[in-house]
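Visitor: Each chain, letter by letter, is given below.
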Amino acid sequence: MKKIEAIIRPEKLANVKDALGSLGILGMTVTHVSGRGRQKGIALQWRAGEYRVDFLPKVKIEIVLADEECQAALDTICVSARTGREGDGMIFVVPVENAIRVRTQDNGELCIAAK
Amino acid sequence: MKKIEAIIRPEKLANVKDALGSLGILGMTVTHVSGRGRQKGIALQWRAGEYRVDFLPKVKIEIVLADEECQAALDTICVSARTGREGDGMIFVVPVENAIRVRTQDNGELCIAAK
Amino acid sequence: MKKIEAIIRPEKLANVKDALGSLGILGMTVTHVSGRGRQKGIALQWRAGEYRVDFLPKVKIEIVLADEECQAALDTICVSARTGREGDGMIFVVPVENAIRVRTQDNGELCIAAK
Amino acid sequence: MNSGDTAWLLTASALVLLMTPALAFFYGGMVRRKNLLSTIMMSFAILCMVSVLWVLYGYTLAFGPDIKGLVGNLAWFGLAGVGQQPSPIYASTVPHLAFVAFQATFAIITVALWTGAVVERIKFGALLAFAALWFTLVYCPIAHWVWGSGGWLAQLGTLDFAGGTVVHVNAGISALALALVLGPRMGFKDGETMEPNNIPYVVLGAALLWFGWFGFNAGSALTAGGLAANAFITTNTSAAAAGFTWMILGWIHRRPSVLGAATGAVVGLVAITPAAGYVPVWAAIPIGAIGSVISYYMMVWRAKSSGVDESLDVFACHGMGGTWGALATGIFATTAVNASASGLIDGNWKQVLIQIAAIAATMAYAFVVSWLLAKALKATMGLRVREEEESVGLDISQHGENAYGGI
Amino acid sequence: MNSGDTAWLLTASALVLLMTPALAFFYGGMVRRKNLLSTIMMSFAILCMVSVLWVLYGYTLAFGPDIKGLVGNLAWFGLAGVGQQPSPIYASTVPHLAFVAFQATFAIITVALWTGAVVERIKFGALLAFAALWFTLVYCPIAHWVWGSGGWLAQLGTLDFAGGTVVHVNAGISALALALVLGPRMGFKDGETMEPNNIPYVVLGAALLWFGWFGFNAGSALTAGGLAANAFITTNTSAAAAGFTWMILGWIHRRPSVLGAATGAVVGLVAITPAAGYVPVWAAIPIGAIGSVISYYMMVWRAKSSGVDESLDVFACHGMGGTWGALATGIFATTAVNASASGLIDGNWKQVLIQIAAIAATMAYAFVVSWLLAKALKATMGLRVREEEESVGLDISQHGENAYGGI
Amino acid sequence: MNSGDTAWLLTASALVLLMTPALAFFYGGMVRRKNLLSTIMMSFAILCMVSVLWVLYGYTLAFGPDIKGLVGNLAWFGLAGVGQQPSPIYASTVPHLAFVAFQATFAIITVALWTGAVVERIKFGALLAFAALWFTLVYCPIAHWVWGSGGWLAQLGTLDFAGGTVVHVNAGISALALALVLGPRMGFKDGETMEPNNIPYVVLGAALLWFGWFGFNAGSALTAGGLAANAFITTNTSAAAAGFTWMILGWIHRRPSVLGAATGAVVGLVAITPAAGYVPVWAAIPIGAIGSVISYYMMVWRAKSSGVDESLDVFACHGMGGTWGALATGIFATTAVNASASGLIDGNWKQVLIQIAAIAATMAYAFVVSWLLAKALKATMGLRVREEEESVGLDISQHGENAYGGI
Ligand SMILES: Nc1ncnc2c1ncn2[C@@H]1O[C@H](COP(=O)(O)OP(=O)(O)O)[C@@H](O)[C@H]1O
Ligand SMILES: Nc1ncnc2c1ncn2[C@@H]1O[C@H](COP(=O)(O)OP(=O)(O)O)[C@@H](O)[C@H]1O
Ligand SMILES: Nc1ncnc2c1ncn2[C@@H]1O[C@H](COP(=O)(O)OP(=O)(O)O)[C@@H](O)[C@H]1O
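From first to last, the protein sequence lines are chains A, B, C, D, E and F.
Quick note, in my numbering, the first sequence goes up one by one and the last residue is 115.
Quick note, in my numbering, the second sequence goes up one by one and the last residue is 230.
Quick note, in my numbering, the third sequence goes up one by one and the last residue is 345.
Quick note, in my numbering, the fourth sequence goes up one by one and the last residue is 752.
Quick note, in my numbering, the fifth sequence goes up one by one and the last residue is 1159.
Quick note, in my numbering, the sixth sequence goes up one by one and the last residue is 1566.
Please keep in mind that the hints were generated in silico from the structure rather than gathered at the bench.
Heads up, a few of these hints could be off.
[As the list claims (entries may be wrong)] Residues from chain E shown here face chain F by an in silico Cβ test under 8 Å; the list is partial:
#1 N754
#2 S901
#3 A992
#4 N1100
#5 W1123
Virtual Cβ for every residue (Gly too), placed ideally from N, Cα, C.
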């Protein structure tokens, strides 16, 4: 199993969620994060003048899925989260050793299967 | 070392924390997250009528611990976080290569030992 | 590639960010978290009397980087996040299998290179 | 000049002024977080702009010497000749400037009301331009018709105690016109969820609106006496009856929500506005309760079936609430409360017809002019932000700000 | 009729009305986030419900023609015969309806006060049922006893300027009764931490309460003159002295907290309520300061030793604060301030006994009736939400809402 | 005694009192989250402390029988002899205690104003000590100079309707002195970003300040008549003109920000304060607009070039706004508005010189005494928290609290 951690623009979340949904990927966990990357932060207005903020609001999506579903999910996220401007985000893939569903105590790939 | 990532109901956090505490597991990091799984979201009240929310508030607990402590912790979480209804959550186990305590610069299993 | 997850004091974030910046490490993702460790929580004031809070506000920094950059980053974080008092935090290192930049679809180490 | 009346009118003016920031929070809490500041800013900027325009030329257009019943002339431009002595025409027991100040607060909030229809996508510059034009070409004339000395609806015998037509019908129908031209928010057609970001702010706004509305309605007595007391308590009763009714409607369908109770209370305040100083206290209960029922189902219908993104339902709340209130004034007005007005319960069914005429005239004029203004601005400066700006949110894209800063 | 007095009473009514939403924020900020809206909704729904009940039958029960000193009769049902002219009995310089409105705001907030005891676990339906019954069977009679023409405590010579017994002792002791029947929150016995979710809201609430309390106390003079001015400044001084004292008490034990200062200020406002128009300004300092000390240690004791989950300490704040204030009125009242009242410092020690009698009667009646009502509701409709609903939080389970929406 | 005037002055006092908590939110929203409560607490604790000191000895120092034009004597200590009858000297149509209450609210907010300069690093104990000393040695004497019967600046003919010099110049320059002694926040020199934590709170604060300012300025007429009406509408117009101007300045440079509009409105309120009852309505437009321009560029300069961490720009807003307002009063005052005052537009250029003298005297005295007090406290109890406390934040370190609790 793998965990996909995608850090994307907050305003793209609905898009990505829907795109993954049409692949049958429903389970996911979302976190508000702040990020810095090539997009160097933005200038915000102070009372008079402005100040720079390094960290911009992003959203992190975490999805644990079977190895074979991974590539499709990555491709889908890449497409649905993209605007082409700096700050579109990064996706990381992390190995997962086990997964357990609390309610049923199922574990392994079984428990993350869509149905 | 392993990292346990448990995504549970927010109202179960106190329970889980206490249950882990009685195993001697004190160190942990908690994050507010929003999740979607089998529990398909809920309907909330708009001014008139209602709307559906896909993502529900959950809490993510991250615990890094030695391999041999892992199973006990998993079992404890499963029991203490459970209600039996959809939405109880998932637990993932991720490998950890190293751990360092900032204050003492200890690293490895040493640094995550309970005392 | 590795992912460094450093859980530090919120007030040290600016310090750590600057220190990493001078190593050329710019990309990172930051999350508000709450943590418990050796530092056993603090007492806060209720209307009359006080109550104990187990979890303290911390900040989690996640940085994905090439294996060879990892040690320098770890050392830098250790130094720049340290106060010497309990609660300075922990750093965990997690393996990363792949990284993809959404905008360019580059992947692997290439995409996380500083420039 | 009467110091008690003056004290009350100044107090009432301060109360009504507070309603515009209150509206900022009421609306601000209901949009998505990325548009919170932008929504607040609409009301705040209008508060600043209209305050100045009012003393420059708004007051004279609305209340200045009459031109054919349609509008005031410019004799009192820059408040020339308007001073500390009472006006011979309006509110004869208080300083003329107190009356100017009181009326200023009405103009301000009316302009701010319709912003609820266009949140989350309108260009800030276009909003200000529309607001200035609308204030000049829609608000001032209609205020003159109904309240100005010589106004044609006043001559006709229209009863509008504190602004059912001038304020609420007017703002409600204009909101609709503007929303139609502007078009829906991105994602609206696909049923994207748009969660209210902060319900406590909605309650805070509603509470301050309720508080300020005592100035609005009881202040419209223009004296501190029995009439003001009547308006005060009808106002409270209607707000309460409507808030409670809305809560029950929500409960019948599913749950009694705070958002619903707050919305209902505002609708009750709207509905009683034209009636407050004409109807007996008991009548405030049906006025509020029926107002809630009408607006509730209007809102359900708008959201489900109409396909129009009149985002925060200004038409359902203010347009319909104001219409019902204006009709109810024709029904429940009685000389037992106010010697100058009798309605259906006094046997004077003609008053109902007059009220209908006033509503129709206001709706027609306001809709047409608003629609034309919106079209004209759309063709020239453009009304909407770019897609990208809309998706990032107006706080950042229009104002360069973030509601809650810091990691 | 006096326009200045009317202006002041209308203003005061608006100020007091604002106190109920203020209380919503004061209480709302102190509960856990999952119960924020539910706590706010309690006050808001009561505001709606009691406003309507008051004009229907509450006013006549409390102030209508007397029945044996115990309660008013139904002669003024639906405010029949209550109009724009002054009442011959109450507040003879203002419209009768202004007096009705002013008193309405007192009834509303008193009912809302005790909700602080039962937050985070009471069923919303049961809350409303209890509120309606309590309003009818407890508030209206006690208001009649003390303030109604012919009320037995009034006959006895009880001094209660703005509601020490009627409002605060009454709400405080009833809170206790209800909390005892309802039982503690899940986790309370195990010492689970229950953090206040939003201290700025607590301060906002306290600030608006302070602001509104000028209407409460100085409005209770019912005229705009020297007595109102005296009540105004004693109110401010007591609030300040109490807020400062509480802050110092917190500092002595550990830290000067905002939560403490805000709580103290409210307690100071409570304590001065019965006394405001009877005592000299200097007396407001000990009244506030001692009130703070009493409530502070009462609260410490309740939390540590009593095992009773009277969650937001309505009894410690209002019950004890009101008791102390009522006693203090008997001590510090002087004819130098108000010709109609003299206390211990004037040598009239009997007044202290009268005050004790009034406190005791209020406590006994309110406790017993509240307890019986609570038991009856518990046996019939049930008072508490289910365990699962309590653990999810009342916002979702009772109201289907989330305070802060959006990812 | 006039009941209308009394009603208005009591209302105005309540409005001004609300300004101090409003300021708490205005300032609180602009600091970093970890110092939100601490910033709020500064205003709240000062509200408590100064309220008590005022009735004890502040009022007599400021308004008591004159000693050589410099300060009042202690004849009215503890408000001895100050009662429900009008004062023969001040505000002869209202109870003396109402005047005391009204003036109390001015003293409170003036002390709270300068806290904006020292947020995020001052020790709470030192803040209170400085506040008590400053109130006694700076505020009370200067209030006496300008407003006390026999005060030397009053004798000179200074025009200060509602506190341009006494309140704003005074607080602004003192803020600067204290900030200079205290030194900058950690990280300030390195240009560390310090984001405002909650802009909606800033708007809430600004809105309530605007609302309360009607009491401040129109209340300063001390009667409910034409003069109050004039002050009311000049106040609103100046706030609006200034808010709008600031928004445009921001837009020219980059974006029209909410933070800017709110700040501008406050500056406009400051600028009109000394002038409100002396100048015609049209003059409020340039007074507000120019005030905004001056403060805006002062603030830009302070942040970029001065190196002084006068954190929330009390000097730029209040010091410069008040200075401009005091000058503008000398320019625009006219007997057409207020028979007792004529300025440059009436041909009386001497008034401008008098205004300059008053500004200079206030600045010099307030700066020197504040600076000495700050130095003395620094040397004795110390002014700043420890580095570690500053980096953790003052909410935790000074008050043991967390604004938003719970996971
Ligand atoms: N090396 C990294 N480690 C962790 N997170 C990163 C890293 N690089 C980028 N990010 C995250 O991805 C987000 C987008 O990165 P950015 O470089 O701005 O995107 P783009 O490549 O489109 O310009 C950042 O805000 C940050 O949250
Ligand atoms: N595949 C997944 N990847 C990441 N997080 C998941 C995944 N599946 C579920 N989750 C998380 O677990 C939570 C609970 O899952 P859910 O399926 O609702 O539980 P249950 O199995 O008890 O019905 C979700 O809200 C989500 O945060
Ligand atoms: N085993 C662990 N797993 C996950 N997070 C941990 C663990 N131990 C500590 N942490 C995180 O690190 C933070 C600091 O740990 P703590 O033990 O207080 O530091 P110190 O060693 O300096 O006393 C905690 O608040 C928690 O967020």
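Visitor: Decide, hint by hint, whether the structure agrees.
Guide: Comparing the hints with the structure gives:
{"no.": "1", "hint": "N754", "result": "holds (5 Å)"}
{"no.": "2", "hint": "S901", "result": "violated (24 Å)"}
{"no.": "3", "hint": "A992", "result": "holds (3 Å)"}
{"no.": "4", "hint": "N1100", "result": "violated (21 Å)"}
{"no.": "5", "hint": "W1123", "result": "violated (32 Å)"}
The structure is inconsistent with the numbered hints 2, 4 and 5, although it conforms to all the rest.
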